[in-house]
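Mind docking chain W on chain D? Use the hints.
Protein chains: 2
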Amino acid sequence: MTSLEDFIVTPWEVEGVVDYRKLIERFGTQPLTDDLLKKTQELTKSELPIFLRRKFFFSHRDYDLVLKDYEEGRGFFLYTGRGPSGPMHIGHIIPFYMTKWLQEKFDVNLYIQITDDEKFFFKPELTLEDTRKWALDNILDIVAVGFNPDKTFIFQDSEFTKIYEMALPIAKKVTFSTARAVFGFNEQSKIGMIFFPAIQAAPTFFERRRCLIPAAIDQDPYWRIQRDYAESLGYYKTAAIHSKFFPPLTGISGKMSASKPETAIYLTDSPEDVKRKIWKFAFTGGRATAKEQREKGGEPEKCVVFKWLEIFFEPDDKKLEERYWACKRGEILCGECKAYLTEKVIKFLDEHKRKRKDAEKVVDKVKYTGGLASKMWESTYQGPRR
Amino acid sequence: MTSLEDFIVTPWEVEGVVDYRKLIERFGTQPLTDDLLKKTQELTKSELPIFLRRKFFFSHRDYDLVLKDYEEGRGFFLYTGRGPSGPMHIGHIIPFYMTKWLQEKFDVNLYIQITDDEKFFFKPELTLEDTRKWALDNILDIVAVGFNPDKTFIFQDSEFTKIYEMALPIAKKVTFSTARAVFGFNEQSKIGMIFFPAIQAAPTFFERRRCLIPAAIDQDPYWRIQRDYAESLGYYKTAAIHSKFFPPLTGISGKMSASKPETAIYLTDSPEDVKRKIWKFAFTGGRATAKEQREKGGEPEKCVVFKWLEIFFEPDDKKLEERYWACKRGEILCGECKAYLTEKVIKFLDEHKRKRKDAEKVVDKVKYTGGLASKMWESTYQGPRR
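Residue numbers (my numbering), protein chains in the order written: chain D, 928 to 1313; chain W, 928 to 1313.
Same shape as in the complex, but just chain D (with noise of 0.2 Å):
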């Protein structure tokens, strides 16, 4: 980061507390604006989730033109993905919730796609096996968190290998010149990284209708590419909704990341875990000590405990209101939020473990045998069947 930068936001690179409206205009995205959401809200016949209410979920691209098409009966899907390259943390697995909530409300079709192929690629010390193995443990988690089993389907790209067959197009449209621009390739990079972007690309032309991508903010520019292409291949743009970045424990610049384990709450960790990492390294805004606290009040916004609590931990607006004002005004410590987070993210992770043993009897029918997924498995030959 130069010092004229006050953050940075790139595929592969998150760093410095983002200016959200600012990054909105260095993307050129569109607000999710509370015409938008009331919009929704219409359409669904529902309460707005925390996601939307709360404005995790912040800018858009051609969302208003997802709930036109929906409106007017002509539908929409949603695509969404993971990168299988080791056990997923809880900054994982919320966006998944929000992609839930869409997936019900509208009553659509959903595929997600697990990079084995990608994070092959992208990790030198990765082999196909490693990441193979991490689709099977991040699917469990994924289905988890209860979609619609014959309106969803999960595949890896080293299986689905059809997904090379819908690649073609794009790939004979994008050049290494726009390819690396968007994803910082160069001279060394090798020519399968350089391919996936086709491969990303791909399922956003699994059926002829809007395709609406939930993610993070930071993947815009993957979609970039695919919405410059589209309609000269007879698609639609695709349409995204972009969320924040779910904080660190360590502090709200940045993202969490699995590569610094200190940084993250697994979704496998015990109650111990979770008690002992919150403890020790989840940053608050207190301040120097209890005295000084009770005396100045303390800062929630920069504070990590109630970011997560704000983001998907506290579900109760009203709530989550007093706890702002008693942490401003002096009234509770670090130590009780801390607490209270740590009691909630447990609950949590006991509901997730129980449901991810559930899973194990429905990854194969969002794989291979529900209704979506076996309509996707026989679209085209696949051997001679005896």
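Misleading hints may appear alongside valid ones.
Since the list gives no way to pick out one identical chain from another, each pair is judged satisfied if it fits inside one copy or across any two copies.
Here are the simulated EDC-like pairs of lysine to aspartate or glutamate, each with C-alpha atoms no more than 20 Å apart in a straight line [to be verified]:
1) K1050 to E1092
2) K1202 to E1222
3) K1274 to E1092
4) K1182 to D1244
5) K1078 to D1291
For the record, the hints were derived by calculation from the structure and aren't laboratory data.
This is chain W only, laid out in the frame that chain D set:
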């Protein structure tokens, strides 16, 4: 071609009269020696085919090791291919006869890759539907050559997409810079093109035995990438035997090209087409006048008609030699040789068309249901079977 170069051979350009001995040095391949041919004869307990007898195949990489592997029971397999961008001509089909001989005599598996993806990427004017149409058309011509339907697998990349999975390991090794050096890419090359070398190399990893590729020598650079990385991936460096170029009707420099119709005889040409093309375009070693030819004799070394007889159309060694000397001594004129070749070519095409008709019944076997084909399709998950 600069004035310093007497000929050029790259995968995308053949110009000038090729000095094949020099080419062996330039490319760093090995000459196909009499010892190797003798060994081939011994192991196959067969007479050598004219392609070997007359050194149309003249160079190799590791063919000696292939024979050793065969002799010692480790075996090997064959791999060749075809880029389906239009109708096949005689220059395209002849190498398949060499491949057929090898399969028959060594009784080995043969994989034939139909690169409908490559031709789609590299030919701006062709759609995927076009290259797939040509794939089906060309496969009929190839099957007509008569391969063992239970030991041959013919596949289109856009359909047998498992090829993508097989390409992943090498796609993680090859850099843009390497691919550019071999394929002549630049900044504006499409990412599909850049990835294609990985797809082309993938079939050499279909079996953990040595792979033997029969191909024209201009294709050799493609396999250098495979040879650079194969051993680090736990496979053999691929072996190859290299042919000279089948000369265009219009002269012995360059190679027959589908984009210059007058230089080629297509497998679909009628007897009238053949007659007209050979009469009108065939470049001979004849003199300016019949009188001069009778006095000085012709120059069979420069004569395309003689070359075609030598490479394929005159299987009788004695007759070929007699013709050579009769020409040298001015005893025959070009018209006579042209008429002789015309008759041979018409007969060949006639038979080819008949075998092509029968091939329709075999296509399903070599693509899907035959011994080798069904094994290839069944080796990964292919969706729910109901």
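**Hints violated by the structure (numbers, ascending)** = Of the numbered hints, 2, 3, 4 do not hold.
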